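The task is simple: from the sequences and hints, build the whole structure.
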Amino acid sequence: MNRKIIIAFLFTIILAGMFSCKKDSDVFIPDVKATQGPDTNWVNVITDTMPVNTIKKQLFPELYLDSIEVNANPASVTTPSGLTCNFPAFCCAGSGGLTITGKVYVELLLIKKKGDMIRADKPTSSGNRLLVSGGEMFVKLTKNGQELKLAQGKSITLKYNDSPILPGMQVFYGDESNTNQFNWNPSDSINNLVIAGSNFYELTSKQLRWINCDYFYDTTGINRVQVGANLAPQYTNANTSVYLVLSNMRSVLGMYGNTATRKFISGKVPVGQQAKVIVLSKQGNDYYLGFESLVTGPQASSPAGQQFVPVNPVKTSLADIKTFLGAL
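Residue numbers for the sequence shown follow the numbering used here, so the first one is 110 and each next one is one higher.
Since the hints were derived computationally from the structure, they do not count as laboratory data.
Bear in mind that the values here come from a model prediction, so they are computed numbers and not experimental data.
Careful, some of the hints might be misleading.
Here are the simulated PhoX-like pairs of lysine-lysine, each with C-alpha atoms no more than 25 Å apart in a straight line [stated by the list, open to error]: (1) K221 - K166; (2) K212 - K258; (3) K231 - K431; (4) K212 - K252; (5) K222 - K249; (6) K212 - K222; (7) K165 - K212; (8) K165 - K263; (9) K258 - K231; (10) K263 - K166; (11) K231 - K165; (12) K268 - K212; (13) K385 - K315; (14) K372 - K424; (15) K385 - K165; (16) K165 - K372; (17) K231 - K221; (18) K385 - K212.
Structure (structure tokens):
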């Protein structure tokens, strides 16, 4: 009997040793991410690497690339989209105002579609006031990898066809100081002019980069409302951007995330406007698109002066998102 007990004891020790020598890969470790579910965290600072900015980069419209010789002669570039940009002689300056000559690289973009305004993340608002756009443009000049400015006293002209031509347009410049909320600033109309022809606009600009042909929408005596999106908790400011597209004018408003309320909401817009809320999101390796049509107006169920619209995005390919935006 004692012999049997000793043998059983030794066998138990051997088995214990065998299991204790197993590799770490054989040990079951729960997948924390799988048990946690969707990421519902909002952030105070949206960094460049977060999914919301990743999808913006992937959607950004293609720039037209060219080059000019900067010397005593003026130069001109015309893009396939019909934007002609005229550069005067000795128009470029580098750091410290140093005059630049020789070959300079040009990046140009003309945006007239509302869907492309979303793709470029360039809504039409100035200090929370609604703008109606006649076209947005991007002009960038570089030499040896250095971004250039216009030389003192120099200006460029930008000309393109459009329809309909609207009166009262002026030049606006893009304020890129807040990377999470773009804004257009009105220019000095004395030195920055818009000429409206029968089927074209011609702008004179003393700055480069983002330039807009707009006018302020007159809301005098008109009731206004803020539009918000009701979304599932996994749609956060770290992975989602939301826009309000007005149907009867070339206007797009950003609906920015509020970390306190965890809601995406627009600035004030006129009541009675047909519009559409557009939601774009990247979560993991998947893309989501949501949209909902509405007529702007306050709701009894919402806080005073606000209107909340339920939107249910669905998983969509990046190519299909581009196609959808191209049709707006």
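Consistency of the hints with the structure:
1. In summary, the hint linking K221 to K166 is supported, as the alpha carbons are separated by about 19 Å, within the 25 Å threshold.
2. In summary, the hint linking K212 to K258 is supported, as the alpha carbons are separated by about 15 Å, within the 25 Å threshold.
3. A C-alpha spacing of about 16 Å is found between K231 and K431, which places the hinted pair at or below 25 Å, so the restraint holds.
4. Among the hinted pairs, K212 with K252 is consistent with the structure: their alpha-carbon atoms are about 7 Å apart, no more than 25 Å.
5. Between K222 and K249, the direct Cα distance comes to roughly 21 Å. Compliance with the 25 Å bound is thereby established for this hinted pair.
6. Proposed proximity of K212 and K222 is contradicted: the alpha carbons are some 32 Å apart, above 25 Å.
7. Under the criterion of a C-alpha separation no larger than 25 Å, the hint pairing K165 with K212 is inconsistent with the structure, at around 31 Å.
8. The straight-line distance between the Cα atoms of K165 and K263 is roughly 33 Å, outside the 25 Å bound, and the hint therefore fails.
9. The straight-line distance between the Cα atoms of K258 and K231 is roughly 21 Å, inside the 25 Å bound, and the hint therefore holds.
10. Pair hint K263 plus K166 does not hold up; C-alpha atoms about 32 Å apart against a cutoff of 25 Å.
11. Distance check on the hinted pair: K231 and K165 sit about 11 Å apart at the alpha-carbon level, within 25 Å; holds.
12. Taken as a hint, the K268 and K212 pair is honoured in the structure, with Cα atoms around 23 Å apart against an allowance of 25 Å.
13. For the suggested pair K385 and K315, the alpha carbons sit about 35 Å apart, so the restraint of at most 25 Å is broken.
14. Taking the CA atoms of K372 and K424, the gap is near 21 Å; set against the 25 Å cutoff, the hint holds.
15. Simply put, K385 and K165 have alpha-carbon atoms about 19 Å apart, close enough for the 25 Å limit, and the pair holds.
16. Proximity of K165 to K372 is assessed by CA-CA distance (about 20 Å); at most 25 Å being required, the pair is judged to hold.
17. For the proposed pair K231 and K221, the alpha carbon gap of about 11 Å is at most 25 Å, so the pair holds.
18. Of the supplied pair hints, the one linking K385 and K212 is violated, its CA atoms being roughly 45 Å apart against a limit of 25 Å.
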